[in-house]
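Starting from the known structure of chain A, arrange chain B on it as the hints suggest.
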Amino acid sequence: MMLLADFGTTYAKFIDLAAAKPLPYLEPAKNISPELRVDMATGHNGKRFTDYYVNELIALARGGEQLISDEDFTLLDCGSRDIKFVRYEKGVLADMGWNAECGASMGFTIELLGRYYNLDYHQVPVPKKSFSVTCGVLGMSQIFDEISAGSGEEQAVASFVKSIAINAFRFAGEPARIHLSGGLCDNPLFVKSFPGEVIPMGRFVLLKGLAVMAKKLKGQP
Amino acid sequence: MVSSPIDISFLKTLPAGAAVGIVGVPPLAVMAILEKGAATIFDLDESLVKQDMEETILYLPRVYCAILRTVVINSLHLDLQAIIIDVGPGKCDCALHVATILADRLAIPVITTRNLDTTPFATPLCKTEMALPEKMARICTSIQTTGRHRPLPACQATAGFWGVPPRDFSLLALFPATTHVYGWSRCMENKTPADLALENHFNPHFPTVFFAQSFCAKTALAKHLASQHPRALFVDCDVTAGSSVRAKIQAFLELSGVYDASC
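So the protein lines, in turn, are chains A and B.
Just remember that the numbering used here sits 1 ahead of the position in the first sequence, which is counted from 1.
Just remember that the numbering used here sits 786 ahead of the position in the second sequence, which is counted from 1.
Looking at chain A on its own, in the form it has when it is part of the complex (with noise of 0.2 angstroms):
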């Protein structure tokens, strides 16, 4: 077994690099026994986990390297706990960013107000209205401020996760077309509140780079 892992704050991303075919799974990170021993991890969990950790910064860059073919790239994460990106310039880092107090918990309070106001967020068409928001915690007001001046639950909610795409792409440095990456490109409302171009990427490049760091290590191409 080669067992790799993203150790994010709700879920826990695994590959087993031994395995005939090896497939990236999830689970809920709740669910994580605490002796869990891994031969590499990244993730905000993941130093309890394994003896050889990568920063998660690094891990989203080799996964991007690997996935993406352009030289010329905006990989933007978004969590449940923060966002991260980095960009490519003629396939040599440019500029990178890692928000984790201002970007504080961004994804996991849009998971939060879904199952609470039980929304499908495939169902919710991007809202018009957007408004400023500093983080995750701090923009739960702003949605209780809509819904009492009358603005519908689903309406608030659009707006505020909105608003949070916005936030997003302006802390990647407003690229035209950016590569979307973590739990958040599950969520189509915002993927769709994104103002500019967005290839989502799924929840598993910081798996990539590791797997691809793994197979360095090892000597393997």
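Keep in mind that the hints were calculated from the coordinates and are not lab data.
One or more hints might be untrue.
With a straight-line cut-off of 16 angstroms between C-alpha atoms, the simulated EDC-like cross-links for lysine to aspartate or glutamate are [claimed, not checked]: (1) 1009(B) / 96(A); (2) 130(A) / 146(A); (3) 217(A) / 838(B).
Just chain B, lined up with the frame of chain A:
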């Protein structure tokens, strides 16, 4: 009530070995007086006392430069006989206001200076091969004397650090020993803290981290210069370097090939 300014000639009246706190880089003329009086110098910009920084909210807004919050906490807990605070272009406006607050709150003289010294003392530490935390500590110590610097061999740089000495030196441990130092830290070693041309200088030929303390006016300059550098990372941090700041620096250095180049 705002206290009246105190002239630096007061320093000559201090007893030999007096405990004096300094903030920023006081002028050479002032340091010469302290040297002559064998003063025990405390650099109040550095973390010198183990006290809760939250204590400063009685004197300063909570959202304020961590270096100046450190100055206040040091001033409250060290047994000093005078404090010299450099203000103006060699330090910052915030230091001027902190000087006013300390002058009103403390029973000891608080003397403000405006260091406009222009004689360059050279910057051998900034360019030599040495672990960056130690290098920065020596740069900070170098301002406490008026003597010339000991020559040191310059190394081939693999990375750059631009900025002020951080409140949390632990982030410097992420850099290789072949990191050259720029920005206000270089001005410190050169003993020309108001030399804006020197502060603006950077080398575009190797990856450089542009650092400033959160809530410091220098964040604007750091961000601006980073935008002009082809391989740059702008970071700011408050009291301590959190995991995301460390991760950003580590990832930047690794993805820019700095660690490979430094092996």
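Hint numbers not upheld by this structure, sorted from lowest to highest: Per hint list: single violation, 3.
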